[in-house]
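S.K.: Construct the entire structure; sequences and hints are all you get.
Next come the chains, spelled out residue by residue.
2 protein chains.
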Amino acid sequence: MAKTIPVLEIFGPTIQGEGMVIGQKTMFVRTAGCDYRCRWCDSAFTWDGSAKEEIRPMTAEQIWERLYELGGDRFSHVTISGGNPVLIQALEELVLLLKNKGIRIAVETQGSRWQEWLYHIDEVTISPKPPSSGMDTDFAMLDHIVKKLADAGRASHMSLKVVVFDDIDFDYAKRVHRRYPGIPFYLQVGNADTTEADDATLRTQLLARLEWLVEKVAQSNELNDVRVLPQLHTLLWGNKRGV
Amino acid sequence: MAKTIPVLEIFGPTIQGEGMVIGQKTMFVRTAGCDYRCRWCDSAFTWDGSAKEEIRPMTAEQIWERLYELGGDRFSHVTISGGNPVLIQALEELVLLLKNKGIRIAVETQGSRWQEWLYHIDEVTISPKPPSSGMDTDFAMLDHIVKKLADAGRASHMSLKVVVFDDIDFDYAKRVHRRYPGIPFYLQVGNADTTEADDATLRTQLLARLEWLVEKVAQSNELNDVRVLPQLHTLLWGNKRGV
Ligand code: SF4
Ligand code: SF4
Numbered sequence: 001m002a003k004t005i006p007v008l009e010i011f012g013p014t015i016q017g018e019g020m021v022i023g024q025k026t027m028f029v030r031t032a033g034c035d036y037r038c039r040w041c042d043s044a045f046t047w048d049g050s051a052k053e054e055i056r057p058m059t060a061e062q063i064w065e066r067l068y069e070l071g072g073d074r075f076s077h078v079t080i081s082g083g084n085p086v087l088i089q090a091l092e093e094l095v096l097l098l099k100n101k102g103i104r105i106a107v108e109t110q111g112s113r114w115q116e117w118l119y120h121i122d123e124v125t126i127s128p129k130p131p132s133s134g135m136d137t138d139f140a141m142l143d144h145i146v147k148k149l150a151d152a153g154r155a156s157h158m159s160l161k162v163v164v165f166d167d168i169d170f171d172y173a174k175r176v177h178r179r180y181p182g183i184p185f186y187l188q189v190g191n192a193d194t195t196e197a198d199d200a201t202l203r204t205q206l207l208a209r210l211e212w213l214v215e216k217v218a219q220s221n222e223l224n225d226v227r228v229l230p231q232l233h234t235l236l237w238g239n240k241r242g243v
Numbered sequence: 001m002a003k004t005i006p007v008l009e010i011f012g013p014t015i016q017g018e019g020m021v022i023g024q025k026t027m028f029v030r031t032a033g034c035d036y037r038c039r040w041c042d043s044a045f046t047w048d049g050s051a052k053e054e055i056r057p058m059t060a061e062q063i064w065e066r067l068y069e070l071g072g073d074r075f076s077h078v079t080i081s082g083g084n085p086v087l088i089q090a091l092e093e094l095v096l097l098l099k100n101k102g103i104r105i106a107v108e109t110q111g112s113r114w115q116e117w118l119y120h121i122d123e124v125t126i127s128p129k130p131p132s133s134g135m136d137t138d139f140a141m142l143d144h145i146v147k148k149l150a151d152a153g154r155a156s157h158m159s160l161k162v163v164v165f166d167d168i169d170f171d172y173a174k175r176v177h178r179r180y181p182g183i184p185f186y187l188q189v190g191n192a193d194t195t196e197a198d199d200a201t202l203r204t205q206l207l208a209r210l211e212w213l214v215e216k217v218a219q220s221n222e223l224n225d226v227r228v229l230p231q232l233h234t235l236l237w238g239n240k241r242g243v
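Sequence order for the protein chains is A and B.
The opening position of the first sequence corresponds to residue 1 in my numbering, with each subsequent residue numbered one higher.
The opening position of the second sequence corresponds to residue 1 in my numbering, with each subsequent residue numbered one higher.
Errors might be hidden in some of the hints.
Here are the computed distance ranges between Cβ atoms for each label pair [stated by the list, open to error]:
1) B:Asp-166 <-> A:Asp-167: 40 to 46 Å
2) B:Ala-2 <-> A:Asn-239: 53 to 59 Å
3) A:Ser-156 <-> B:Arg-175: 26 to 32 Å
Taking lysine-lysine and the BS3-like style, the derived pairs with C-alpha atoms no more than 30 Å apart in a straight line are [said to hold, decoys possible]:
4) B:Lys-147 <-> A:Lys-99
5) A:Lys-101 <-> A:Lys-148
6) A:Lys-99 <-> B:Lys-174
7) A:Lys-101 <-> B:Lys-147
8) A:Lys-148 <-> A:Lys-99
9) A:Lys-99 <-> A:Lys-3
10) A:Lys-148 <-> A:Lys-174
11) A:Lys-216 <-> B:Lys-101
12) B:Lys-174 <-> B:Lys-147
13) B:Lys-174 <-> A:Lys-101
14) B:Lys-99 <-> A:Lys-174
15) A:Lys-147 <-> A:Lys-3
16) A:Lys-3 <-> A:Lys-101
17) A:Lys-216 <-> B:Lys-240
18) B:Lys-3 <-> B:Lys-101
19) B:Lys-240 <-> B:Lys-52
20) A:Lys-147 <-> B:Lys-99
21) B:Lys-216 <-> A:Lys-101
22) B:Lys-101 <-> B:Lys-147
23) B:Lys-216 <-> A:Lys-240
24) A:Lys-52 <-> A:Lys-240
25) B:Lys-101 <-> A:Lys-147
26) A:Lys-216 <-> B:Lys-99
27) A:Lys-216 <-> A:Lys-174
28) B:Lys-99 <-> B:Lys-147
29) A:Lys-174 <-> B:Lys-101
30) B:Lys-3 <-> B:Lys-52
31) B:Lys-216 <-> A:Lys-99
Example chain A residues on the side facing chain B (calculated, C-beta under 7 Å, incomplete) [to be verified]:
32) Pro-13
33) Gly-23
34) Arg-74
35) Phe-75
36) Ser-76
37) Val-228
No wet-lab data here; the hints were simulated from the structure.
As the structure is a computational prediction, the values presented were derived from the model and not from experiment.
All C-beta atoms in this analysis are idealised placements derived from N, C-alpha and C, irrespective of residue type, glycine included.
M.R.: This is the structure:
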């Protein structure tokens, strides 16, 4: 019997809101479960039990059917997000199925685990979590993942992304960039208020934080070949899910 | 004697606000002069005479000195923008000087002219202007530029970007993407109000337009492998110059 994948939501077509494929038209498959508990997690429903009854075990084929039902011939790119999708070995079947159909695939993970199917991902965003998350980075594992992908000639298919909330996170970002100088590096503004319901207030906050981060990066001689980005989906749709 | 380049402004470090290098930390060199007169040009001061007294003829070496004075060791990327910088043959000297210093270079042009120095540009954004601009696209010239870069193995160093204000522009964008299916394709929200002084009002307008454009792209089966982006600098700094 085909293995199943714990799926929390499938939606799109929409655009990717962040990181190396910002703006890309894509479908989203969000898996359940995370090995982290970040203080400011904007997808806590994937692991805190609050959306437990929405998790459905689905085969790769069933996920494809649902993607096709929603997107028809109007997509060529799928983003697999979480939680941490790299916990799930069974995603290999979905990855191979999508490749067979000529679909490009992006994945985001905090870099705490490795899966062989990462070799097939077109855009791997590794997003180690800064001190404000309350989590510790396993740099040995991060080295391992970066080296495996680089050794396989996948350097152009990966990037590092660090979310920055404060000065301590900013120092952490510099440390990560220093450790992996050749890997495309993204700094992202943290969304400090995942409960703010007023979109205009949230936007103003986020853009003020982006301005702060741009200024910090502009003043630093350790962060030159980097990109600074907001989350477009938060600017557009605030803290809503499934858009 | 070294040839001079008509320069309107040099500023940075800041971030690139749009297109294929959105978010990239960069310095800006803005040249004067354009062969177009787009109805909604957001850089009309480069060609309408209003900033005539600010144009300075500078050698490549003088431009470098000014970049270094502003940016010191805090940059590794320079964006040459206009106006249409591709009008200016003398930019070759600046391009070669920057390459020698290990600086990456981005250029944006509407695709109405060719220069040999385009071969050395790391990120060429070709932005043909849609009907709302009031300009006509010279598709033969566009073919020529795209072919020259592709034949030289520079396909991964270029992208097409179309600004969309309305449904007619959207059809034009589809036409451009259909003509060059293999070239990375960006759709950008037009800023319909380059005189709005209230940043909050402008942001709300721009994000509403972005949402409209995302929805149009989501519904289209002709625009799948594309990216939809706003102008970050307009979201951040409104219609101000030199940021
Ligand atoms: S790694 Fe991501 S999904 Fe997991 S807790 Fe942290 S922010 Fe949330
Ligand atoms: S091509 Fe660009 S600079 Fe020239 S008029 Fe049009 S928008 Fe303005």
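S.K.: Each hint needs a verdict: does it hold in this structure or not?
M.R.: Do the hints match the structure? See the list:
Hint check: B:Asp-166 to A:Asp-167, Cβ distance near 44 Å, so the stated range 40 to 46 Å holds. Here the CB-CB span from B:Ala-2 to A:Asn-239 is close to 55 Å, well matched to the stated 53 to 59 Å. Against the hinted window of 26 to 32 Å, the Cβ-Cβ separation of A:Ser-156 and B:Arg-175 comes to about 30 Å, which satisfies the hint. As the CA atoms of B:Lys-147 and A:Lys-99 are separated by approximately 29 Å, the hinted pair is consistent with the 30 Å bound.
Between A:Lys-101 and A:Lys-148, the direct Cα distance comes to roughly 26 Å. Compliance with the 30 Å bound is thereby established for this hinted pair. Our distance criterion of 30 Å between C-alpha atoms is met by A:Lys-99 and B:Lys-174, whose separation comes to about 25 Å. Distance check on the hinted pair: A:Lys-101 and B:Lys-147 sit about 29 Å apart at the alpha-carbon level, within 30 Å; holds. Distance check on the hinted pair: A:Lys-148 and A:Lys-99 sit about 20 Å apart at the alpha-carbon level, within 30 Å; holds.
As the CA atoms of A:Lys-99 and A:Lys-3 are separated by approximately 18 Å, the hinted pair is consistent with the 30 Å bound. For the hint linking A:Lys-148 to A:Lys-174, the alpha-carbon distance of about 22 Å falls within 30 Å, and the restraint holds. A distance of roughly 24 Å separates the Cα atoms of A:Lys-216 and B:Lys-101; the hinted pair therefore holds under the 30 Å criterion. Only pairs whose Cα atoms come within 30 Å are accepted, and B:Lys-174 paired with B:Lys-147 is accepted, the gap being roughly 19 Å.
A hinted pair counts as satisfied when its Cα atoms are at most 30 Å apart, and B:Lys-174 with A:Lys-101 qualifies at roughly 23 Å. Between the alpha carbons of B:Lys-99 and A:Lys-174 the distance comes to roughly 25 Å, so the proposed pair stays at or under 30 Å and holds. With a CA separation close to 29 Å, the supplied pair A:Lys-147 and A:Lys-3 stays within the 30 Å bound. Note on A:Lys-3 and A:Lys-101: the hinted pairing holds, with a Cα-Cα distance of about 20 Å set against a maximum of 30 Å.
Our distance criterion of 30 Å between C-alpha atoms is met by A:Lys-216 and B:Lys-240, whose separation comes to about 20 Å. Annotation: proposed proximity of B:Lys-3 to B:Lys-101 holds, straight-line Cα distance about 20 Å (limit 30 Å). Restraint check for B:Lys-240 and B:Lys-52: satisfied, since their Cα atoms lie roughly 18 Å apart, inside the 30 Å limit. As the CA atoms of A:Lys-147 and B:Lys-99 are separated by approximately 29 Å, the hinted pair is consistent with the 30 Å bound.
For the given pair, B:Lys-216 sits about 24 Å from A:Lys-101 by alpha-carbon distance, which is consistent with the 30 Å threshold. For the hint pairing B:Lys-101 with B:Lys-147, the CA-to-CA distance comes to about 29 Å; that is within 30 Å, so the pair holds. A distance of roughly 20 Å separates the Cα atoms of B:Lys-216 and A:Lys-240; the hinted pair therefore holds under the 30 Å criterion. With a CA separation close to 18 Å, the supplied pair A:Lys-52 and A:Lys-240 stays within the 30 Å bound.
Distance hint between B:Lys-101 and A:Lys-147 is fulfilled; the C-alpha atoms sit about 29 Å from each other, no more than 30 Å. In summary, the hint linking A:Lys-216 to B:Lys-99 is supported, as the alpha carbons are separated by about 26 Å, within the 30 Å threshold. Distance hint between A:Lys-216 and A:Lys-174 is fulfilled; the C-alpha atoms sit about 11 Å from each other, no more than 30 Å. Simply put, B:Lys-99 and B:Lys-147 have alpha-carbon atoms about 23 Å apart, close enough for the 30 Å limit, and the pair holds.
With a C-alpha separation of about 23 Å, the suggested pairing of A:Lys-174 with B:Lys-101 holds against the 30 Å cut-off. Between B:Lys-3 and B:Lys-52 the CA atoms are separated by roughly 20 Å; this keeps the pair inside 30 Å, and the hint holds. Among the hinted pairs, B:Lys-216 with A:Lys-99 is consistent with the structure: their alpha-carbon atoms are about 26 Å apart, no more than 30 Å. Annotation: interface hint on A:Pro-13 holds; nearest CB of chain B at approximately 4 Å, less than 7 Å.
Evaluation of the A:Gly-23 hint against chain B yields a held restraint, the C-beta minimum of about 4 Å falling below 7 Å. Interface restraint check for A:Arg-74: the shortest CB-CB distance to chain B comes to about 5 Å, inside 7 Å, so the restraint holds. Interface hint at A:Phe-75: satisfied, since its Cβ lies 6 Å from the closest Cβ of chain B, which is below the 7 Å cut-off. Evaluation of the A:Ser-76 hint against chain B yields a held restraint, the C-beta minimum of about 4 Å falling below 7 Å.
About 5 Å separates the beta-carbon of A:Val-228 from the nearest beta-carbon of chain B, less than 7 Å, and the hint is met.
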